[in-house]
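K.L.:
So the chains spell out like this:
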Amino acid sequence: MSMDLNAVRADFPILSQEIYGKPLVYLDNAATTQKPQSVIDAITHYYERDNANVHRGVHALSERATAAYEGARKIIADFFNARSVREVIFTRGTTEAINLVAHSWGGYNVRAGDEVLITHMEHHSNIVPWQMLCEHVGATLKVVPINEKGELIMEALDELLSERTKLVGVVHMSNALGTINPVAEIIERAHAVGAKVLVDGAQAAAHLPVDVQFLDADFYVTSAHKMYGPTGVGVLVAKESLLQTMPPYQSGGDMIRMVTFEKTEYNDLPYKFEAGTPNISGAIGFGRAIEYIQEIGFDAIQKREKELLAYATAKADAFEGLRQIGTAKEKACVLSFVLDGVHPHDLGTILDREGVAIRAGHHCAMPVMDFFKVPATARASFSIYNTEAEVDALFAALKKAQEIFG
Amino acid sequence: MFDLRDLYQQVIVDHNKSPRNFGKLEKFNHEADGYNPLCGDRLHVYLNVNDEGLIEDVSFEGEGCAISVASASLMTEAVKGTPLSEFSAKFDIFQHMVTADLSEVPDEEVLGKLAVLSGVREFPSRIKCAVLCWHTLKSAVTDSDEVAKTE
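Protein chains in written order, with this note's numbering: chain F, 693 to 1098; chain U, 4 to 154.
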């Protein structure tokens, strides 16, 4: 299994531009990936030919829009191996999906004295909703610690899990460290004490295959825009048995079956959780993005991304004054680091002038920064379209930064 | 086309590497915190104003990018020994310099060494780094309990 790198790059029109007279080297894929022409075309086609509201009209456009929107749901259900399309809820993104679960499932099931268990490497979006829930109901938030490599300490997980644990929230792949967590094992251990598990797949879903049935995940959440799709749309894939018992998160049109001033009957799944006109073009673009991933295939994607990370890691190992943050055995696509004598924000600016786009900051994971005792890191994150030459450009730019501060 | 050296002039690199007036003052009567949450830049400034209304001593502590550290260092040099009553005008002059139109040449006679920071105008996302210390000192001068921020 291999892929034609030039052909893949040609699929992404944005890549062939210059920044300050230098070729764009886009290494901020963990923040958002670029979009292939097919996704851009799917969105354009929808607005040029099919635009109408869904689930309402009897006219041709509405039927086409509905078919495309629901078609995307089917693509997503198959991609994550959900049991049915009823288990696929469109959201604004990962953040909204987590908030949905925290409010609806959490508000209904987590009581005073209960515990919610998350990990030290969660993104703020998988910390704050649980913090708010715990504060609201009088539950306790517990945290699974990490080691110096940026891996979860699994023995501590066992110690922290108890019959008080109602939910475990865990990131599948850390955006700040690149660590891939053993979610199947975590889910098994959590289920053994009767806890449900939410897996934050925002970073993982474009890089490794996810089978929610194999994982036995109760809730799996992700965002389209980190998997070559548009911003503003994501998904909650959850067990139908859980969704059936959960109250709606937001209320309004589309999520109802019948409304009188005395009483409202909620709609069936998945519509019960999709109040209001959804992001129709976004969902369609999301579906097309997933097809794009499927066309390349995870065998080829993983093989290529491993190659590239190994190449970049070897360069980082040899680079004087560079300290990598996040050296887990199981990791993907992320090179997070600090450079002696050069603050990450200065690096970000200097690299930008060389055409190299990276992220500098706390990556919405301040507890991770605290753990490694750094205020921020520089992060280069890779995707299927990145090349070894681009990695070379990154390190050449780092050299230049060192010279400026020399 | 502008160069990175417009931003990272030698003076800035030097002040970042060995910031002046760094550390806590033994004697001070004003202080304040500054924090830019997105960057993570943190500053604390100490100020000692004497009975004649003169800034007798000023210092800062904290961590941040080269622009924020150098700017704080240069600021302490610029205000040390000057009347507190002139601070507000200095603040405005600096603020104007880093947000002025690119065609405007900074008046080095008025700005002195601070003029080296005029290069941040070319880097809009970095202006907040340069002005954080000034906002923090302003908080100290007015004895504001609120943490200064420029994001």
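Worth double-checking, as some hints may not be accurate.
Now the in silico label distances, taken between C-beta atoms and shown as ranges [said to hold, decoys possible]:
1) E710/F / N53/U: 28 to 36 Å
2) G968/F / R23/U: 55 to 63 Å
3) L41/U / Q823/F: 40 to 48 Å
4) E987/F / Q98/U: 50 to 58 Å
5) E1022/F / V113/U: 51 to 59 Å
6) L833/F / D95/U: 42 to 50 Å
Reference listing, derived: stretches of chain F covered by chain U, where coverage requires no fewer than 3 residues with Cβ under 8 Å from a Cβ of chain U [what the hints assert, rightly or not]:
7) 989–1000
8) 1050–1063
Simulated from the structure, these hints should not be mistaken for laboratory data. Where is the CB? At the ideal position from N, CA and C, for every residue including glycine.
K.L.:
For every hint, state whether the structure bears it out.
P.N.:
Here is what the structure says about each hint:
no. : hint                         : verdict
1   : E710/F / N53/U: 28 to 36 Å   : violated, 56 Å
2   : G968/F / R23/U: 55 to 63 Å   : holds, 57 Å
3   : L41/U / Q823/F: 40 to 48 Å   : violated, 20 Å
4   : E987/F / Q98/U: 50 to 58 Å   : holds, 53 Å
5   : E1022/F / V113/U: 51 to 59 Å : holds, 58 Å
6   : L833/F / D95/U: 42 to 50 Å   : holds, 46 Å
7   : 989–1000                     : violated (count 0)
8   : 1050–1063                    : holds (count 3)
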